[in-house]
Amino acid sequence: VQPWKWLYTERNLFLIHDPVIGKSFGDYNYLGSYISYGAALENLIQEAQNLDLSVGIEYPDTNSGKLEVVACIKFYKNDLGNQSIVKENLSSQIKKRLTNRKRTECSPLELDVKSTLINTAKSIPGAELKLFTDREVVKQVGRLIGIADKLRFFNEGGHHDFFVKEAR
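No gaps in the numbering here: position 93 of the sequence shown is 777 in this note's numbering, and each next residue is one more.
If you're looking for bench data, these hints aren't it; they were derived computationally from the structure. Mixed in with the good hints, there may be bad ones.
[Claimed, not checked] No farther apart than 27 Å at their CA atoms in a straight line, the calculated lysine-lysine pairs in the BS3-like style are these:
| # | residue 1 | residue 2 |
| --- | --- | --- |
| 1 | Lys798 | Lys823 |
| 2 | Lys786 | Lys758 |
| 3 | Lys707 | Lys689 |
| 4 | Lys758 | Lys849 |
| 5 | Lys761 | Lys779 |
| 6 | Lys779 | Lys798 |
| 7 | Lys806 | Lys834 |
| 8 | Lys849 | Lys834 |
| 9 | Lys707 | Lys779 |
| 10 | Lys779 | Lys823 |
| 11 | Lys761 | Lys786 |
| 12 | Lys707 | Lys849 |
| 13 | Lys758 | Lys814 |
| 14 | Lys779 | Lys849 |
| 15 | Lys823 | Lys689 |
| 16 | Lys689 | Lys780 |
Whole structure, please, built from the sequences with the hints as guidance.
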């Protein structure tokens, strides 16, 4: 469920939100869609950096109609200011990402890993990372997520969207 379309015209690449494609029980007010656009744009910037290109991104103030422009991207051969929040080139990691739902032994994060995660989040204006380390709190959060999943699966629309549109 990738609710976007790309349009390249006159040296501009447009990222376009298509609510018909993205309509999903679990995508309240398209919040999940817009989070995915941020990830798609960051991947695009990482790949552009890998090709020694700079990227300029403009975000429109308003949209109307069924298709909405999320961003207009321009590429430059010189350094006109990559807007990536990640300064390190991580494009080689894009294809290595995955979601692992295997049950494993819970172990605390090493201090340097925890510090790196917290500092990376702080480097993004307005972002803050909260880590749940108390085992009882982690269990409570897990129970809440389980309840939310159950509600989704027992809801006709949620069940349909997950098993027809999302699960592979």
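Verification of the supplied hints:
For the suggested pair Lys798 and Lys823, the alpha carbons sit about 20 Å apart, so the restraint of at most 27 Å is met. With a C-alpha separation of about 40 Å, the suggested pairing of Lys786 with Lys758 is violated against the 27 Å cut-off. At roughly 14 Å between alpha-carbon atoms, Lys707 and Lys689 fall within 27 Å of each other, so this suggested pair holds. A threshold of 27 Å between alpha carbons decides the hint, and for Lys758 with Lys849 the separation of about 32 Å lies outside it, so the pair is violated.
This hinted pair checks out: Lys761 and Lys779 have alpha carbons roughly 25 Å apart, not beyond 27 Å. Proximity of Lys779 to Lys798 is assessed by CA-CA distance (about 24 Å); at most 27 Å being required, the pair is judged to hold. For a cut-off of 27 Å, the pair hint linking Lys806 to Lys834 is broken: about 34 Å separates their Cα positions. Our distance criterion of 27 Å between C-alpha atoms is met by Lys849 and Lys834, whose separation comes to about 18 Å.
The straight-line distance between the Cα atoms of Lys707 and Lys779 is roughly 26 Å, inside the 27 Å bound, and the hint therefore holds. For the hint linking Lys779 to Lys823, the alpha-carbon distance of about 31 Å lies beyond 27 Å, and the restraint is violated. Straight-line distance between C-alpha atoms of Lys761 and Lys786 comes to about 43 Å, which puts the hinted pair past the 27 Å bound. For the hint linking Lys707 to Lys849, the alpha-carbon distance of about 10 Å falls within 27 Å, and the restraint holds.
The straight-line distance between the Cα atoms of Lys758 and Lys814 is roughly 35 Å, outside the 27 Å bound, and the hint therefore fails. For a cut-off of 27 Å, the pair hint linking Lys779 to Lys849 stands: about 22 Å separates their Cα positions. Restraint check: the Cα-Cα separation between Lys823 and Lys689 comes to about 39 Å, which exceeds 27 Å; the hinted pair is violated. For the given pair, Lys689 sits about 23 Å from Lys780 by alpha-carbon distance, which is consistent with the 27 Å threshold.
The structure fails to meet hints 2, 4, 7, 10, 11, 13 and 15 from the earlier list, while all remaining hints are met.
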